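Between the sequences and the hints, there should be enough to build the whole structure, so can you do that?
Line by line, the protein sequences are chains X and D.
Reminder that position 342 of the first sequence reads as 342 in our numbering, one-by-one numbering, no gaps.
Reminder that position 474 of the second sequence reads as 474 in our numbering, one-by-one numbering, no gaps.
Hints in this document: simulated from the structure, not taken from any laboratory.
A few of these clues could be false.
Covered stretches of chain D (chain X as the covering partner; in silico rule of three or more C-beta atoms under 8 Å from a C-beta of chain X) [claimed, not checked]:
| id | segment |
| --- | --- |
| 1 | 79-88 |
| 2 | 142-149 |
| 3 | 224-232 |
| 4 | 253-262 |
| 5 | 445-452 |
Please read these numbers as outputs of a predicted model, since none were measured by experiment.
Where is the CB? At the ideal position from N, CA and C, for every residue including glycine.
2 protein chains.
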Amino acid sequence: MRDVISMSRIFFWPFSVFSVFSVVKALIRPNDMMILAARNFLAALLIALRLDAQPAPIAQRYGDAADRLIHAALADSAAWNRIAELTERFGPRFSGTPNLERAIDWVLAEMKKDGMQNVRGEPVMIPSWVRGAESAELVEPRRQNLPMLGLGGSIATPPNGITAEVLVVSSWDDLKANSARAQGKMVLFNAPFTTYGATVQYRTNGAVEAAKAGAVASLIRSVGPYSMRTPHTGGTRYDTTVRRIPHAAITTEDADMLARMQARGEKILVRLTMSAQMLPDAPSRNVIGEIVGREKPDEVVVMGGHIDSWDVGRGAMDDAGGVVVAWEAVRLMHKLGLRPRRTIRVVGWTNEENGLRGGNAYRDAHRAELNRHVAAIESDGGVFKPAGFGFTGSDAGFAIARQVGSLLERIGAGAITRGGGGADIGPIMQLGVPGLGLNVDGTRYFWYHHTEADTVDKLDPHDVALCVATMAVMSYVLADMEETLGRNSP
Amino acid sequence: MRDVISMSRIFFWPFSVFSVFSVVKALIRPNDMMILAARNFLAALLIALRLDAQPAPIAQRYGDAADRLIHAALADSAAWNRIAELTERFGPRFSGTPNLERAIDWVLAEMKKDGMQNVRGEPVMIPSWVRGAESAELVEPRRQNLPMLGLGGSIATPPNGITAEVLVVSSWDDLKANSARAQGKMVLFNAPFTTYGATVQYRTNGAVEAAKAGAVASLIRSVGPYSMRTPHTGGTRYDTTVRRIPHAAITTEDADMLARMQARGEKILVRLTMSAQMLPDAPSRNVIGEIVGREKPDEVVVMGGHIDSWDVGRGAMDDAGGVVVAWEAVRLMHKLGLRPRRTIRVVGWTNEENGLRGGNAYRDAHRAELNRHVAAIESDGGVFKPAGFGFTGSDAGFAIARQVGSLLERIGAGAITRGGGGADIGPIMQLGVPGLGLNVDGTRYFWYHHTEADTVDKLDPHDVALCVATMAVMSYVLADMEETLGRNSP
Chain X
1 MRDVISMSRI FFWPFSVFSV FSVVKALIRP NDMMILAARN FLAALLIALR
51 LDAQPAPIAQ RYGDAADRLI HAALADSAAW NRIAELTERF GPRFSGTPNL
101 ERAIDWVLAE MKKDGMQNVR GEPVMIPSWV RGAESAELVE PRRQNLPMLG
151 LGGSIATPPN GITAEVLVVS SWDDLKANSA RAQGKMVLFN APFTTYGATV
201 QYRTNGAVEA AKAGAVASLI RSVGPYSMRT PHTGGTRYDT TVRRIPHAAI
251 TTEDADMLAR MQARGEKILV RLTMSAQMLP DAPSRNVIGE IVGREKPDEV
301 VVMGGHIDSW DVGRGAMDDA GGVVVAWEAV RLMHKLGLRP RRTIRVVGWT
351 NEENGLRGGN AYRDAHRAEL NRHVAAIESD GGVFKPAGFG FTGSDAGFAI
401 ARQVGSLLER IGAGAITRGG GGADIGPIMQ LGVPGLGLNV DGTRYFWYHH
451 TEADTVDKLD PHDVALCVAT MAVMSYVLAD MEETLGRNSP
Chain D
1 MRDVISMSRI FFWPFSVFSV FSVVKALIRP NDMMILAARN FLAALLIALR
51 LDAQPAPIAQ RYGDAADRLI HAALADSAAW NRIAELTERF GPRFSGTPNL
101 ERAIDWVLAE MKKDGMQNVR GEPVMIPSWV RGAESAELVE PRRQNLPMLG
151 LGGSIATPPN GITAEVLVVS SWDDLKANSA RAQGKMVLFN APFTTYGATV
201 QYRTNGAVEA AKAGAVASLI RSVGPYSMRT PHTGGTRYDT TVRRIPHAAI
251 TTEDADMLAR MQARGEKILV RLTMSAQMLP DAPSRNVIGE IVGREKPDEV
301 VVMGGHIDSW DVGRGAMDDA GGVVVAWEAV RLMHKLGLRP RRTIRVVGWT
351 NEENGLRGGN AYRDAHRAEL NRHVAAIESD GGVFKPAGFG FTGSDAGFAI
401 ARQVGSLLER IGAGAITRGG GGADIGPIMQ LGVPGLGLNV DGTRYFWYHH
451 TEADTVDKLD PHDVALCVAT MAVMSYVLAD MEETLGRNSP
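Laid out in structure tokens, this is it:
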């Protein structure tokens, strides 16, 4: 798009020179041809004036900046290397753990080394759920260890565990139809993965619904479309009106096995042992570093991901990648001397996974300046090959975001779609800040989500670099352009 | 091929009737046309006689039987269900464990129920290596559990484990170049997966080579092209001339991480704890069931896989599938009343994985009748979508096997290639028995090989049914045809 416009400008000048000559000639010795030529020139002049009265299209104004950012992002594997170092130096960064706070210290120190401005940690008190020792064992019809992960927030079992007969159900309806048989049992929700949204409800609400039916514990089939005997953790909830029972995930392989055992008429006995506990809230921080705007430093594009992770794997995809690509995007602006009109604030929110305290604390700490937050951008879907952004905001804002998106078409990341944002920016989006969420190829995201397999090798260095480029171009243009995306209707 | 030949037979008869008439007429009142026609008839008769002097092509003789076997195999998911039941009822079937012997008892009982003949377990003494409790922990630069599997046959560490600095090498050459630094260290062989053959050498010989360089323990990057933090076990060996050191596999993810830590100059300390021990040999059995030949019961096509597995996962692909598809193939012959001229003997060899005692014991127990073994067929590459067979034998035998293969082209499993067989039939192939190994789509075989992820869900019921059909057609025709594949040169 940008190239076409440049070409038309180049061709405009010979035409204009010829036309000025026509006007002068017409003043001296007019004829019809001259009058026609002069009229054409005046019309062209009007068009030119109209173009100049409004800013040039975004794609035209920011083509060069976009090229420079993209070129710099794709020049090396710096972002991938940084994800590797962050995730391998500190491991999983679970809320309430020293790993998380050490990782935050390191990010702050590295941001300073990078020359980022206003680098700081903003205090947040976060929940501290501790998994402790845990296991599930098939006792009948034969003994076998069942790889498992307790679900975040679950209570413990008694020290010797709970040994109970298992009732396998495939859905809420199936539980309802068999609720008379659930009393005193361990209910296994074996709902095959369809979409995350449709399947995660058994993780979120399984303990409540199983307890309502009289179950003593509940298990779920891990929420994911593919498994190599891989349990997935994730948050769960209780209901104040219902007795709390322990809740854990087993692998899809073992869930299917138990379902077949039940179908074959075999009695299934499982012993579940969990020592999970909720400790007092612990201090943590939202990690922040900025490039301060050259003209409107008080206006802010906030951009990032969450610095915490679950307590398994290394949280590379979820969401070290999100923090690092935002951070790298701004590092490149510093390096290239591309200082935007407004401030871009990189944030690594804390405690997204089991509390969203970081996102809420950011809203509370920055409430007074949220009307000067022109956009919020989050990457929390894995830094796989980027496709563009999902946008939540006004129609006018959407049209502008699409113009910015056109700058990303050259790397296949220009698709701006309706709807999107992110958990951490949700609280400020609700207060009117337009939100964008990075969209990527999500084919394998739920293979690794909340598992031991979420490690940096699952990310491709070139894809990660493309994500840096995509975040850089979007944030730079939103922070620099004279227009804004407007406000969301709260 | 079969259809074309049938058509030519049909058209042959009107021509022949006409020609007999010509001969008779020529005898009564000869003329040139009649003489020509009579000559044509005699020539055709010669061709017909020559055809009848040799058997019709295999593809022609066995087209109907192949169709019936294929149709029966593809009619349901019986084979997949049987793999599920075998693997889930008994779990992994490791040599020396009650699981294996219970599974053998069950297979024998089921074979009898199926109406198989001469069902029996033939005694074999097998090694009994016991893994025991084991773990690997990264101690420096930070603490983290390293998912691991000790390698079959490894010795234990002292009870408190071995804590040592890690030296990461990428190859034998890299170890050689850094052997001065290996003294007292734990060597990690981090050789990326290329082919199984090229990579498995570090599992097989790593402990010996590391010990030669003075290492106190050795680790390998798991042998596989893809990982979800999945350690792979497998056999290893020692050398009587070198000190034995413990040998274990960690995940590809963690091997890469340790390599990057070393590249970043970090000191890596790992604590390896293994309590493996070798118990006295234990009694086991090769599982056998037959369909006895109708004409030459003493001549045998032997066919199967191995009934044992490693001690992790459920050994569905490796190799419950191999045993079950051979068994199902013969069950279908019984069911269809397709009794071949010779005996087909289904064998589930024991202890393929860590000793090959079953294959060797079969050779020893059947040495006297091996010259009447017309073929040996093994499935031990996973029962994924079948492609055909690899054949080891004479040129004449290969040509015949290809003719049988043509019967499998209709299900895409007709490719007969040079070379192939199987570990269990290796000992009898060495004594002259022509060998065939089922070839399948091996794309994901080494994803699951010797891991917790080797479970029945990795197999597709239709693919498994195609494997049954492929084994059934090949074994039936080899057992029934008048020809034989000849002998291998021992």
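Check your understanding: Which earlier hints turn out false for this structure, listed by number in ascending order?
Key -> none
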